[in-house]
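Asks: Sequence lines, in order, name chains A and B.
Residue numbers 80 to 437, in our numbering, belong to the letters of the first sequence in order.
Residue numbers 226 to 518, in our numbering, belong to the letters of the second sequence in order.
In case anyone wonders, no lab produced these hints; they're calculated from the structure.
Hints are supplied without guarantee of correctness; some may be wrong.
Straight-line Cα separation of at most 30 Å, DSBU-like style, residue types lysine-lysine; simulated pairs [claimed, not checked]:
#, chain 1, residue 1, chain 2, residue 2
1, A, Lys-232, A, Lys-133
2, B, Lys-410, A, Lys-94
3, B, Lys-274, A, Lys-152
4, A, Lys-412, A, Lys-425
5, A, Lys-246, A, Lys-209
6, A, Lys-133, B, Lys-410
7, B, Lys-410, A, Lys-87
8, B, Lys-274, A, Lys-232
9, A, Lys-263, A, Lys-180
10, B, Lys-274, A, Lys-190
11, A, Lys-180, B, Lys-410
12, A, Lys-209, B, Lys-410
13, A, Lys-133, A, Lys-152
14, B, Lys-410, A, Lys-246
15, B, Lys-410, A, Lys-183
Selected chain B positions facing chain A (in silico; Cβ < 10 Å) [stated by the list, open to error]:
#, residue
16, Thr-243
17, Pro-244
18, Ile-248
19, Lys-410
20, Ser-411
21, Leu-412
22, Glu-414
23, Asp-419
24, Ala-421
25, Gly-422
26, Ala-424
27, Thr-429
28, Leu-434
29, Ser-436
Among chain B residues calculated to face chain A with C-beta under 7 Å, some are [what the hints assert, rightly or not]:
#, residue
30, Ile-336
31, Gly-359
32, Ala-415
33, Pro-433
34, Pro-437
All figures in this text were calculated on a predicted structure; none of them were measured in a lab.
Yeah, the Cβ is synthetic: ideal placement off N, Cα and C, and Gly gets one too.
Chain by chain, the residues:
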Amino acid sequence: MAEVILEKVVKAYGKTEVIHGISTAIADGEFIVIVGPSGCGKSTVLRMIAGLEKISGGIIRIDGREVNNLEPKDRDIAMVFQNYALYPHMTVFNNMAYGLKLRKFTKDEIKHRVDQAAQLLQLDGLLERKPRQLSGGQRQRVAMGRCIVREPKVFLFDEPLSNLDAKLRVQMRLELRKLHERLKVTSIYVTHDQVEAMTLGDRLIVINEGAAEQIGSPLELYEKPATKFVAGFIGSPSMNFIEARLSRDGQSANIQGDVRLALSDDGAPDFGDRKVIIGIRPEHFNISESNPQAIPLSVDHIEILGADTMVYGRFADTPDLITIRLPDIHHFKSEKVLPLSVAPDKIHIFNKDTGARI
Amino acid sequence: MLKRTHFNPSPLPYLLVTPQILITIIFFIWPASQAVFQSLLVEDAFGLKTEFVWFDNFIELFSDQIYFNSFGKTIVFSSLVAFLSLGTALILAATADRIVRGATTYRTLLIWPYAVAPVVAGTLWMFIFDPTLGIVAYMLDMMGYDWNHRLNGNQAMALIIFAASWKQISYNFLFFLAGMQAIPKSLTEAAAIDGAGPAWRFWTIIFPLLSPTTFFLLVMNIVYAFFETFGIVHAVTKGGPAGATEIMVYKVYNDGFIGLDLGGSAAQSVVLMVIVITLTVIQFRYIERKVEY
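Here chain A stands alone, though its shape is the one from the complex:
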């Protein structure tokens, strides 16, 4: 077990820089999730920590030791790959024992460790099978087992659940979390699925175009997204963004014409009278018939999901569709106008040019 420290880590292929200096400190025993859209460089970061990709700049430390020039095998890490990367010609036992044999463990020790891991992962009885005789979930567990037996300092996961079907994914997600709570090994987990990220991680690193947009706990990211990108990426369905002009005193925002949104007490006076982007999550709208300040939303269409109802509509003549999530079942006809209100502290304001939170 160990802490992992990244200091201004840069990756460049020739002249094209793909990772622009990521810094973070991952505490001992922490479960950290690197999340971002496909192609943002999150896997590259993980592969640099693993030693599968050379680091073009910066320093990576594992357990206080700089590992920039160490081979993967000398970094004392284990990795679960997206396609599991099980050795197809070896039995489950040999798959798990491969790394131990190379590290010159005794036969008895190897057997003991593999048996223990197999029990933990409910793989006993499958040890003599070949990977192709296993189901997707079982293969996934073997890949986990191969990591566990080595008792490494750090676990790395590269989208390990993305090849499983939806139901199994939820189940394995829970098992992974439980496993982490038992083993307490520092884990770095890469995914593009924000639900996985929110449920698994102690902390999240949101990466966009090779740069860390925000690092923080799942709730921090949800409640105080640092940028418009993070706000849009975390949460499902994603946040609504509306262009608006702040009032001169920064206490309210004008959305097209007279529609006015009150902001929380402190407001944003520095940005008074400027155009900004207002972000409101679909679940933070309320219907308030009595409120004279309510914003009218003209319904376009609705989706009834049982527990919730999604309402899509427009404010006055704004071009973008606004998504609203209301608990329970509602039947609204299209063209119906709903009076909506939003608690001032649920409104996020972003700089129109930089996307940064105001």
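Given the coordinates of chain A, assemble chain B onto it according to the supplied hints.
Replies: Leaving out everything else, chain B in the frame of chain A:
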């Protein structure tokens, strides 16, 4: 179950397979049956009269020490050719699989020898190693090694082994490279993280996963060494010196077309035919079962 009558009988399918069947009959079945028939005949020296002798040609063949020598030479020749060309191709493919820059050039250059006809390849090697003209022979001479494959049987054998292997490397290289590229990269990465160095990764992960390719190539290389090396032998040594490089396929030609013992030669080609049929059967039987992982 659909009944046969559901389909309207049409001559089209038969028409479409006709060319293939005709080619097989004209170029394989007919000459092969001619060879089998010929192997049961003895012709007199002037070609005036032919006698049907049943298996006399075979009996004579299998009691002939020279034939067994030729058989032994063929075994040595083909196993060395297979080993040498497979080994070299494997190393080259492993290297080509690793490099990133200039990979296309490297691959193209390695595939070129395959386009060279066997006779041309043989002539090329013959010139390089020619005892009086050849550059390698000259260099060997400077180093104090006396090279003359026209007199030394072992050197002659070595030369045709080199020439035949060289030509086959491209073919093997292509298959090995394709086989390696079909192995997911994450497997070697996982092994690297597990603690295996490059050589160990190769032997424990890549090589076992390549075994179907290796087995296929082994059979193909033996078939190649048995049959397709005629041009090389003919261009380089003509079976000499003193029959030192007279492998079976060359002996068929020598006895039949030079020695004019048509019956004996046909009997030899029937033996060769049996060998290739056996190899093909092994190929089809085992390649998809035994070597599967």
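Asks: Checked against the structure, which of the hints given earlier come out wrong?
Replies: Hints 3, 8, 10, 16, 17, 18, 26, 30, 31 and 34 are the ones this structure does not satisfy, whereas the remaining hints hold.
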